[in-house]
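Put together the whole structure using the sequences plus the hints.
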Amino acid sequence: MSPARITRDRVERAALRVLRPAVIAALLLGTAFPFYYMAVLSLRDVQSLILAPESALVPPREIRLDAYREVLTPADAGGQGFGTFIRNSLLVSAATVALTLLAAVPGAYAVARLRFFGRRQVHFLFLAVYLFPPIVLAIPLFVFFSLIGLRGSLAGLALVYIAQTLPVCVYMLRNYFETVPRSVEEAAALDGCGTLATLWRVTLPLSLPALTATGLYVFMIAWNEFLFALLFLVEDRDRWTVSLGLSQLAGAVEVPTTVLMAGSVVLTLPVVALFFAFERLVTSGLTAGSERG
Amino acid sequence: MTREPTTRRRREARTALALLSPTLVITLVVVVLPMLWALMLAFQRARLINIRYTGLLGHHTLENFAYVLGEPGFWQGLAVTLIYTIAGTFLSIAGGLVAALALRDRFRGRGLVRASILLPYVAPVVAATFVWQVMLSPQYGIANELGTRLLGWDRPVAFLSEARGELLGVTVPTALLTVIAFEAWRYFPFAFLFLLARLQAVPKELEEAALVDGATPAQRLRHVIMPQLWRVVALLSVLRFVFTFNKFDDVYLLTGGGAGTEMVSVRVFTLLTARDDIGASAAQAVVLALVLVVFLAVYLRSFAAERSPE
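Quick mapping for you: the protein sequence lines, in order, are chains G and X. Each residue of the first sequence is one higher than the last, beginning at 1 in the working numbering. Each residue of the second sequence is one higher than the last, beginning at 294 in the working numbering.
Just so you know, these hints were derived from the structure itself, not from any lab. Among the hints, erroneous ones may be present.
[Stated by the list, open to error] Negatives, chain G to chain X, calculated, CB over 12 Å: (1) Pro60; (2) Asp66; (3) Leu72; (4) Glu178; (5) Val184.
[What the hints assert, rightly or not] Okay, the calculated bits of chain G under chain X, using three or more residues with CB under 8 Å as the criterion: (6) 90-98; (7) 129-136.
Just so it is clear, the structure is predicted and the values come from calculations on it, not from any experiment. In this text, a Cβ means the ideal position worked out from N, Cα and C, and glycines have one as well.
Laid out in structure tokens, this is it:
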């Protein structure tokens with residue numbers, strides 16, 4: 001090793017020792033601060049916010065819960081009625097998760113285990129759906145749902161979410177099913193289980209982590225979605241989801257920033273809490289297969 | 294050739310189709326058929342009021358396309374969309390790469406940092422755009438407050454409503470840059486996840502061998518690690534390009550498509566809702582999809598050409 005090389009190595013290592021912690025600190029600050037700031041603003045008093053917007057701290061005795069009170073109070077009692085929005089979002093998301101899994105599990109099993117004509121084409125179809133612009137789909141669905149009177153219904157919204165998440169779910173579950181040893185399933189088949197019984201009694205219990213991860217992924221998509229909620233539900237306040245309700249709040253006159261931020265916290269908290277509770281599961285489910293290169 | 298295997302195969306295929314049928318039916322009814330219908334609507338003079346009488350066939354015309362392509366803002370919208378897409382794709386992948394490299398080796402609190410990095414991606418878009426709006430507000434935003442007080446800006450910057458601003462004496466499209474920064478911030482976690490997963494699958498022996506050969510950290514990154522990552526980077530480029538090109542809600546919520554950020558998808562939405570012109574909006578959407586397909590084809594071809602000599 002030449003001396004020049006050794007010094008270059010030393011310089012680079014020294015630079016890395018400084019750079020790495022700096023990058024990590026910057027990442028932490030850049031990603032966490034906006035959410036921290038959101039929470040702080042939701043707890044502050046509007047007046048003090050206008051006087052000192054740069055203050056990112058809220059002294060414990062100055063904590064105000066007024067914004068949350070306003071957000072959660074029903075609309076007929078003078079509040080913003082987020083309770084209704086939360087119920088709507090929960091209904092749509094839960095229905096989407098349940099029905100998507102119900103359709104995706106057998107589908108993924110078929111793609112993972114059974115030989116049939118068109119197996120490769122199925123993948124292509126799903127990839128196309130996954131990549132297709134939602135805004136293009138929005139037009140005919142908007143028109144169609146208007147025509148059959150399904151626009152403004154939560155069921156119609158759930159149906160769209162199911163269609164949009166199904167392909168990815170089939171893909172995620174298939175990747176997992178393929179890791180379940182065939183020998184286990186063959187043993188069940190020898191015991192006289194048919195395809196469905198094998199799937200139900202053997203493969204599914206072994207796939208609970210993947211089912212949880214996939215379910216959470218679908219829940220996140222459905223809970224966070226904005227475009228279709230806006231297109232389908234905007235005329236009927238009682239049907240608004242939390243995302244839509246919050247976005248409409250911003251357009252309303254004279255809604256204080258603290259209330260907006262409280263609404264943002266209400267919208268963000270459930271999905272972030274769920275995500276952190278199951279973080280490892282969700283991330284490994286999302287990137288499954290990418291390790292293969 | 295006995296008859297038994299063929300019937301078993303056929304039975305297997307039938308079971309497979311039965312198991313897949315819910316997925317296929319939903320995809321067909323809610324995605325494929327509407328897609329075809331959108332294509333037809335693009336050639337019809339359709340409005341929500343008269344749609345019942347428009348019918349599926351007949352009265353096909355190219356008027357919608359002529360109208361959409363002839364509109365003054367169209368080409369600018371397309372250019373803005375492309376700039377936004379390319380810059381957003383590049384920055385989110387570069388950011389994800391830096392983050393993945395920084396978090397590759399264990400350290401205390403890595404799990405926490407990792408979780409924090411994923412926040413922008415997991416959080417609902419409406420909430421994320423609102424915090425940005427509040428933080429960047431010219432009246433009470435923390436960014437402008439700190440900028441004018443500590444960094445010596447002579448006046449607050451209207452990050453989201455100013456089409457042109459000045460940065461170091463150069464005129465820059467302020468709102469467009471802000472929207473791009475948001476895109477990079479929100480989606481670098483996506484690239485980070487994939488790249489970290491791939492990084493952790495790189496065999497340790499490869500790097501150890503390079504270390505023994507006296508490779509410096511930068512050399513190891515360039516000659517050992519990056520070659521292992523290119524495939525994932527290529528995949529991410531396609532995914533991020535497509536998703537960013539189609540993006541609607543981020544831009545719509547941040548700027549409403551104003552101040553030089555009118556992406557094609559926002560135009561589609563405006564035509565559909567504000568102007569109630571289904572035909573024109575469908576035509577605009579078809580143009581969007583076509584441009585996307587052209588770009589994908591070019592990209593995949595050059596990618597294939599690059600790999601074929603091996």
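Item to check | Least C-beta distance from Leu72 (chain G) to chain X larger than 12 Å | outcome: 16 Å, holds
Checklist entry - Closest CB-CB distance from Glu178 (chain G) to chain X, is it above 12 Å? => result 15 Å, holds
Checklist entry - Per the coverage rule (Cβ-Cβ under 8 Å, at least three residues), is the stretch 129-136 of chain G covered by chain X? => result holds (count 7)
Checklist entry - Was Asp66 (chain G) rightly flagged as not at the interface, with every chain X Cβ beyond 12 Å? => result Since the minimum Cβ distance to chain X is about 17 Å, Asp66 (chain G) lies beyond 12 Å and the statement holds.
Checklist entry - Would the least Cβ to Cβ distance between Val184 (chain G) and chain X come out above 12 Å? => result 19 Å, holds
Item to check | chain X over the stretch 90-98 of chain G, status - at least 3 residues with CB closer than 8 Å | outcome: Check failed, 0 qualifying residues.
Item to check | Pro60 (chain G) remote from chain X - nearest C-beta pair above 12 Å | outcome: 21 Å, holds
Violation of the numbered hints given earlier is confined to hint 6; every other hint is satisfied by the structure.
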